[in-house]
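Visitor: Residue numbers (this note's numbering), protein chains in the order written: chain D, 20 to 116; chain W, 791 to 1269.
Treat the hints with caution; some may be incorrect.
Stated by the list, open to error - Per the computed footprint, the stretches of chain D lying under chain W, defined by three or more beta-carbons under 8 Å from a beta-carbon of chain W, are:
(1) 59-66
(2) 79-88
As the list claims (entries may be wrong) - Derived pair list, reagent style BS3-like, types lysine-lysine, alpha-carbon separation capped at 27 Å:
(3) D:94 to W:1058
(4) D:98 to W:895
(5) W:1158 to W:1148
(6) D:98 to W:1158
(7) W:1097 to W:912
(8) W:1058 to D:98
(9) W:1208 to W:1260
(10) W:895 to W:912
(11) W:1157 to W:912
(12) W:1157 to W:1260
(13) W:912 to W:1260
(14) W:895 to W:1097
Simulated from the structure, these hints should not be mistaken for lab results.
Heads up, the beta-carbon is just placed ideally off N, CA and C, and yes, glycines get one too.
Here's the letter readout for the chains.
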Amino acid sequence: MKKGTDWRYRVSNREAIMGTVLAILNFIWWYAFAYGLGGRPIKEYTYIFGFPAWFFYSCIMGFVVFTILVWIMVKFFFKEVPFELDETSDKEEGDAQ
Amino acid sequence: MNWDVILPLAIFLILVFLVGIYTSRHIKSGPSFLQDYFLAGRELGGFVLAMTMVATYGSASSFIGGPGAAYQLGLGWVLLAMAQLVTGYFTLAVLGKKFAIVARKINAVTLIDFLKARYESKWVVILSALSIVVFLFSAMAAQWVGGGRLIESFTGVSYTTALFIFSASVLVYVIAGGFRAVVITDAIQGVVMVIGTVIILAGTIIAGGGIENIMSELRAENPNLITPYGSDQSLTPLYVSSFWILVGVGVVGLPQISVRAMSYRNAKAMHRAMIIGTFVVGFIMLGMHLAGVFGRVVLPGIEVPDKVMPLLALEVLPGWLAGIVLAAPLAAVMSTVDSVLLLVSSAIIKDVYINYIKPDAEEQFVKKLSFGITAVVGLSVFAMAINPPDLLIWLNLFAFGGLEAAFIWPIVLGLYWKRGNANGAIASLIIGVGSYMFLHLNYPNLWGMHTVVLPILLSLIAYIVGSFTKGDRPHTNTF
Chain D
20 MKKGTDWRYR VSNREAIMGT VLAILNFIWW YAFAYGLGGR PIKEYTYIFG FPAWFFYSCI
80 MGFVVFTILV WIMVKFFFKE VPFELDETSD KEEGDAQ
Chain W
791 MNWDVILPLA IFLILVFLVG IYTSRHIKSG PSFLQDYFLA GRELGGFVLA MTMVATYGSA
851 SSFIGGPGAA YQLGLGWVLL AMAQLVTGYF TLAVLGKKFA IVARKINAVT LIDFLKARYE
911 SKWVVILSAL SIVVFLFSAM AAQWVGGGRL IESFTGVSYT TALFIFSASV LVYVIAGGFR
971 AVVITDAIQG VVMVIGTVII LAGTIIAGGG IENIMSELRA ENPNLITPYG SDQSLTPLYV
1031 SSFWILVGVG VVGLPQISVR AMSYRNAKAM HRAMIIGTFV VGFIMLGMHL AGVFGRVVLP
1091 GIEVPDKVMP LLALEVLPGW LAGIVLAAPL AAVMSTVDSV LLLVSSAIIK DVYINYIKPD
1151 AEEQFVKKLS FGITAVVGLS VFAMAINPPD LLIWLNLFAF GGLEAAFIWP IVLGLYWKRG
1211 NANGAIASLI IGVGSYMFLH LNYPNLWGMH TVVLPILLSL IAYIVGSFTK GDRPHTNTF
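This is chain W alone, in the form it adopts within the complex (with noise of 0.2 Å):
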């Protein structure tokens, strides 16, 4: 075990830990608990608005997969990569102000609370707050397994251990501290992963002799390295391009994305959100990619992709520094569950039990439901990920794709397309999540492109039919 690289991650784990409790002071009583809780109080500012939606958005793949995939595909990959620049600035731009206007209007917490006064349906919310609770709560295990894996590979400890501690960190301050406790902690995270992608690229390029000698390398040892087409020039222009939606203006149909844009204080937070965000998107995606490429001419030979970057921090950094480097990617991993996790216990509470079970629900007790169900979402997560089922495993992988075909256009038409209808979203959100599951089996990246563009465009096509059948549009002109 070597503690030279423990302790930065002890440290790390530490200050997240006291800072989010710390954070969990400030949640208030009465009658705007709720709010407190689940989008603090709508008072972000731009930093930490940038912060928490780069954070939650970033997950392992950022700092460990895609790593390990541009090593072995080259540039190529890191241009794939790239396409995620626009999530910096797309999400915000497009759900906009009017979102937050909205929001504030109809007092809306959640996304499923604007759905629903959107669209007045009681199965667009049902419909709605089972996949967000059947998906994430799939996707977020995976994560939990994750960080358990990560703590167990840099430490030593067996996974059980890795992952009690990984839990232990986690539930405590999102459970006592809610969405408040959860976007500070993000932002530490992302400044982390900022700091993680500054050492090991500068680490890597010093250990390789500097970018030049790194590519004429790389070009001596396979010329299609340094091509856009990847080492086995598998990846053509249209498959690369179709990133552009799965992983960049696919994320507005993100519930934990979108959530966040009704969550800041005022236009000027969100201005300063997209600089900010589109910036530290950019240099996170360039930095960890390129590293990974330029991995391969410093440590050559590696095979399981995953163990590209922790092997590479090892090799070129002094223990200490690699440890800040492997915060990174528990940090990209905390940030993201700890959304995910309040988000599935908000749509428990909000959208099914106080719309449809006791709208009447004393604060008081609403106030101990929220600490309570968040408990029991977090430790059954902790649970399965001890020994995940099968299902859990089947589901994540439609958790990103089908969760984007479901939601983008009830969100976004929901917001610009007056005539947009019930019958319109609900269509959207069948179509959506049903034909990316059945693409997504029987025909994976179907005429070269990622699974997820035709999904997209059948649940596009779904809503506006759905919206042209007979229905209501909205009663008043809050939309």
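Looking at chain D on its own, in the form it has when it is part of the complex (with noise of 0.2 Å):
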């Protein structure tokens, strides 16, 4: 048995807490949206663009602003490690591809 854990793994424990903290996000923009302001009386709705506010945050801007926050989140905190890489070297490998 070899001592230590793969570097990378480390880099991918913390993108998966980043995606699963993203996604909670994601659920409670939707559910706030959708329910806070569509729970209201019908005759209390707002419309933009002809949809009602609640459905245009909720879905429309929650998709927009979601697909916004993967990329930012992918581009600037998600780090590109080698997937193949000697298994006794370290960190200093070049991208293996």
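The two chains are supplied separately, each in an independent frame; assemble them into the complex guided by the hints.
Guide: Listed below in structure tokens is the structure:
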């Protein structure tokens, strides 16, 4: 048995947590706008581009915002690690690709 | 018969067929054959990876059943469908680079290869292979029937002929080209799905006189149509939220999806796929389901939900454009069955035959066997679909939720929790499938949530409790 874990797994663990946090935020956004705004009496509904405000924010803006957040997460917080490297080498190894 | 409509459909089928055949010429022989045939040599780029994940996940229900339900229930059902946005990034983020790296270290070609190396248990392998073969075979047969019915309804040919056309177009390229043909055709099918969504949504908005007009007509007909609660107020927040498990995060547990997370070339491909995948899945789900709701104003009074999309396309679009739109559900069905077919055949060849029957089988023989088994599985699905037995229809009820409940914890906790062991995985598999079947049959949607929620919780408990019993942790630090 070798000592220590693969350094790339730490990167992966962190990214898995980020993905989970983003999913939770996504759910909160979706739920809060849908039932916060949509739970009011229909007479009080406001409309944006023809859509009821709850739907516009929850579904349409939710889609746009979270696509952008995924882009930001991946671009700035996810690290590129090589997938194939010599088992004994350390992190100085270049992209194995 | 409407040739305007049929021509684009025919062109689509022929295009997919030709591309699939062309791709199959790249299949390598020699020691890398299995990796090549079942995983395209782990060379997927970002775009193809995103498209194959979305297209494999998206099925007839995204284009036919879902929009039909949105037609009946209103914006509340679109809200429910948007729970699927998360599938665009969650699976890749959670399985992450670790799954891809581990898969390379242990040379895994299938999901079960991973489970076998992680848990070192014969029973984990047998139970997993069994549930994959049984449930996915029946799920595939159901989709196959759907593909036949689609062609039947669009063209007017008999069901058997339609089924034959469908099977011929899918089977040849899957058998000959393996995973590479599957993912490349998935990419084309994904593009067709996006284009179809744009066309039908635009056509419906124009035919309905603009969004504002559509909304005020919906409101006049039944104000509940524009609330999150559905036209009959049946959509409770808890019920709709529980779909975040079924069609959102739970998708990690579907073998046909998770196997794709070991097939990409490098970290860059995974990053791009998350962005593209999120956009594409969100766009398709939002667009198609909205078109279903809007269709209510354009074409009121359709009684059968499954007919909404075909009738709407024919109503608001010129024939040839309707043909392109109707190619989208066909693309969705094809891209699902081709992936599942290959997965079932890989479970039989790699996980059962090579693992337990003949580990030292010769390359040349394995190659012949791979083509052969894929053909046999494909042809038996075709045969079953002609007149589907009741057992198959019954099993298909459990395919989606049952597989999620079975596999989500053995995969995810297997990756991230060192203590997880074979006892936990076996308990999780049995409790997951067992409780899903039991609840679905006896107490569907217990406590107002979709049936899948409790089995996923129970299988989590089973995994943890099982893992605290005596059992070995992984012997290496591969994991």
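Visitor: All hints, please: hold or fail.
Guide: Hint check results:
1. 59-66: As far as the stretch 59-66 of chain D goes, the hint holds, because 3 residues have Cβ atoms under 8 Å from chain W.
2. 79-88: Held - the stretch 79-88 of chain D has 5 residues with a Cβ nearer than 8 Å to chain W, which meets the minimum of three.
3. D:94 to W:1058: holds, 10 Å
4. D:98 to W:895: holds, 20 Å
5. W:1158 to W:1148: Roughly 14 Å between the alpha carbons, so the hint for residue 1158 of chain W and residue 1148 of chain W holds.
6. D:98 to W:1158: violated, 41 Å
7. W:1097 to W:912: violated, 47 Å
8. W:1058 to D:98: holds, 9 Å
9. W:1208 to W:1260: holds, 14 Å
10. W:895 to W:912: Distance of about 20 Å is within 27 Å: holds.
11. W:1157 to W:912: holds, 25 Å
12. W:1157 to W:1260: violated, 40 Å
13. W:912 to W:1260: Distance of about 17 Å is within 27 Å: holds.
14. W:895 to W:1097: Violated: residue 895 of chain W and residue 1097 of chain W sit about 49 Å apart, past 27 Å.
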